[in-house]
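In order, the protein sequence lines correspond to chains A and B. The first sequence runs 1 to 365 under our numbering. The second sequence runs 1 to 401 under our numbering.
I should point out that these hints are in silico values taken from the structure, not numbers from a laboratory. Treat the numbers as computed from the prediction; the structure is a model and nothing was measured. Don't take each hint at face value.
[As the list claims (entries may be wrong)] When the alpha-carbon atoms are kept at most 30 Å apart in a straight line, the in silico BS3-like pairs for lysine-lysine are as follows:
| # | chain 1 | residue 1 | chain 2 | residue 2 |
| --- | --- | --- | --- | --- |
| 1 | B | 148 | A | 128 |
| 2 | B | 51 | A | 79 |
| 3 | B | 360 | B | 148 |
| 4 | A | 79 | B | 283 |
| 5 | A | 104 | B | 218 |
| 6 | A | 128 | A | 51 |
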Amino acid sequence: MALKSSPVVFDLVTRLTRRCFSTSKAVSSKLVTVRDALNQAIDEEMERDEKVFVMGEEVAQYDGAYKVTRGLWKKYGDKRVIDTPITEAGFAGIAVGAAFAGLKPICEFMTFNFSMQAIDHIINSAAKTFYMSAGTVPVPIVFRGPNGAAAGVAAQHSQCFGAWFMHCPGLKVVMPYSAEDAKGLLKAAIRDPDPVVVLENEMLYGVPFPMSDEALSKDFVLPIGKAKIERAGDHVTVVCAGRTTETALQAANELAGKGIECEVINLRSLRPLDFDTIAESVRKTHHLITVEQGWPNCGVGAEICARVMESASFFELDAPAWRVTGADVPMPYAAALEARALPAPHHVVAAAAAVLGNRISEAVN
Amino acid sequence: MGIMSKIIPSAAKLLATNTIPKSAVSIVPITAKYSTKNEATFEIKPYKLHKLEKGPATSATLTAEDAIKIYEKLAVLRRIETAAGNLYKEKIIRGFCHLYSGQEAVAVGMRTAMRDADSVITAYRCHGWTYLMGVSTVGVLAELTGRKSGCSRGKGGSMHLYGRNFYGGNGIVGAQVPLGAGVAFAHKYNGDGGVNFALYGDGAANQGQLYEAYNMAKLWNLPCVFVCENNGYGMGTSVDRSSASTEYYSRGDYIPGIWVDGMDVLATREATRFAIDYCTSGKGPLLMEMETYRYSGHSMSDPGTSYRTRDEVQEVRQTRDPITSFKEKIISNELATPDQLKEIDTRVRKEVEEATKIAKSDSEIDLEELSGDVYYNNLESEIRGVCPDTPLQHIEVVARN
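With the rest of the complex left out, here is chain B:
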């Protein structure tokens, strides 16, 4: 599970503030009337490399501006998931709801390094990614509650959210990986320079179709980065019980791989920068394993305590939380002040609260949309309803090109 899990809280705190002091110059930036430094540099936990001579940068420079941006994103993701959890307990979200709390550093760090042309596809633990790829908090939460302001108009639900260069949100474990390789294929075919990030969990890591995708991605030099979010458990099954090899970063075999500390947003950012550089220099696909942790169970139906101890969960919260540790880093390196971050927290909470209100009060789409957009180009005058005498009419809701 990694060396960090055994470190006592106080020692962890010490390690988190490990810095290499940069220049002594302290120009106060115009925007941040609180922070005292422009930037700071941080050491990153060593990566593990598979079939790579050189890996990502082991130290990262962070500007005050970026620190704030990253912090805000982390905060939003945590808030959205907390709100979703509460909505589920109130039975306003139904069906499945898979929370990302604890894994924020993976998505935020990756997104920070991604460029406009890059694309993402992931599985069902996708709410945070949806937000990061440009959908508003209302668009995410209202989709979870099935209302018309949801980014899929409430027709998709928690596993089927989409956005610009973001291909979901996929319900079938592992399916998103060949799909991602296909998006990468399109990047290459179109020559747009983009890279696709295809994310999957430790549970999906044993799926056969992943190996089929790895094979074709390598054969055809596809600009695809396969990212395993290893949170230690595939639903209720720990990695040791599901995988003959838990070195997920090496499972791509002939595809080089990197193990990354997924709780460190700067590590995930640097690794992603490296990955983009690697894929766009014609070297083909890359595999990254980001070791992370989820506080919740697999989904809201799983308390998450039958297969792991509460102590374990608590320990990670106290010693390795991605947001707490990032917060401590930037405060102790004077990239931000506690008040500044408190302001952000307040603002984010307010935004998510308002989005939650809308997600609760907004109405569902009209019933006629049951038969809306089944086809881009519908050919039938009627769609069979439940009974032969109550046919439905196909309607085009989204504007066609």
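Here chain A stands alone, though its shape is the one from the complex:
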């Protein structure tokens, strides 16, 4: 999809500024892309704390494969912005070892697909060590990079790792959507003394979002583990994270035109998962849909539904909860197939129709 062409961006921006009433102080705001917000976050935290350094493929002299670390090598030099060879197991291990010894590494995976080569270090070396050492060896590391489907990159480069990482105790997992999310959550992650996985999205890097003065300040940090209500509504709770927030908001706009008001909850964090916010919303709407790009088996939505089943929220539901997910197939390359493999606004609209019991007859087609 030609996200980067100007008419698309313009359209997106005008739609975004119209619907983003829930960001902080929209009165005085500046448009900042997610990429620049991430860059700001890393820059500010490196300035603030000498122990913070960045390591990954192309992060230094290339300015970052996706330009997220642009300008940082020029500013901080070889010592703190380090280009690695293409050896994920090795450099993730080195980054974790540096964290054992008290430094604060930001370990970039060019995409999280490559994190699988290093996953032993993320789970066994990073996530579990504080517990195994009975609290004597903290691991203040950040693993970050783009996650999930991009456009046309096919099966081996399109996997969403949200479910895999949120499965493991000892990790914290965040999935920012907007520029504000990106900056606030990445700063929080860098400051956090535990291992944090930051799942960004390549398709969002170039998208501009309004950022308030507060969000632009050097001390702007968002709490990990707290969701954000992007749009309030009374009829159906729609839970999403990362890029699917856009999908959900677009669907919500469409549904609003038909008299259905969605409450769109942007999780922001997958672990801890802010179930309280979901529960409070379900108490109001009595209907629930989750939206994710990852595969359905044991996914984010599966976890949310299980928690609903096991809590008082079950009794608040007037209908079963539905998950809208990526199709349970490896990602194909052909454009039409690829589009069919991922949730689009019309899928969310159809799910709302199903969950609300066909209150909108024309929604399903």
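Got chain A; can you put chain B on it based on the hints?
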């Protein structure tokens, strides 16, 4: 397997006492009312060098004081492992238990040469190292029995012991090596002058992540010494069956390497001195292969006799035991007397016996610590337990800064 393995016991004894006599002066030191000499010098078996012009010192001078210290450390390590083996047979230690008996000279010699700023990381054959890096015998044994006096409060077990500048204790074969390179990275980043020793076995020596670590360590000049403890077997697989090249000291390719007789505590000490000097003079990483032997199987679950003969094990015990040979050296060179060493043996045995008692009788941590210190900074009010209606509470056990 090295030339020494074929030497008959009597000849071995002869070689072990090979010395170059030092000065004839014999001042009786105040502390050692038994020994008659201050120091002696010993020849070290030649090293093998890879991409190095000069290697470690081929003769070592040992003072009477150091001889005693080294002997005691060797004795403690042997005792701890013997105690652990017995505890395992009594089913008081569960799960995995990998014994270091036979390999003591590697750890003790290295530790003797290490400075305060240096750090160590190793794999799961780690009990001895844990002690050498400052954890008490109780701290080690009680961790193995899973009790609260264990250095990881019983939450880690035999493979997850940690100490000052000691990063475990690691369960995944080979993972500790890039981690060690990372600790070395931190030494360099902080400018603290320290060197990291990243130990691994012949089994781990073929792991891909080691080569990734070597590459980055060399590229970035990290003060990391990679130490291969080659005990001849990766679990049940002999080195000839696992490795296309068993010259582990050369496997670092562009990283210079040294083969060391790992059964000689003075060889390992001198090699480590050389390594520290090398790494702290900006030459980057170094690789050392210390040829050694383990008497036990891979772990307590492995009798260790299906892939090697009992004769082989016995032969090493009789001809190459690191403690026996060191003992003979220092006695015959009058750095210590048999009575002196007997005193140490008795004292060490008593200490380990008492530690064993505590390790057996101490209680486990309270159940509430199941959800203790999962995070340094916990963010959730509840942690899911086994059932939805029995949540756990995260608690902070260790004081936060």
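Consistency of the hints with the structure:
no.	hint	verdict
1	B/148 x A/128	holds, 19 Å
2	B/51 x A/79	holds, 28 Å
3	B/360 x B/148	holds, 11 Å
4	A/79 x B/283	holds, 18 Å
5	A/104 x B/218	holds, 22 Å
6	A/128 x A/51	holds, 22 Å
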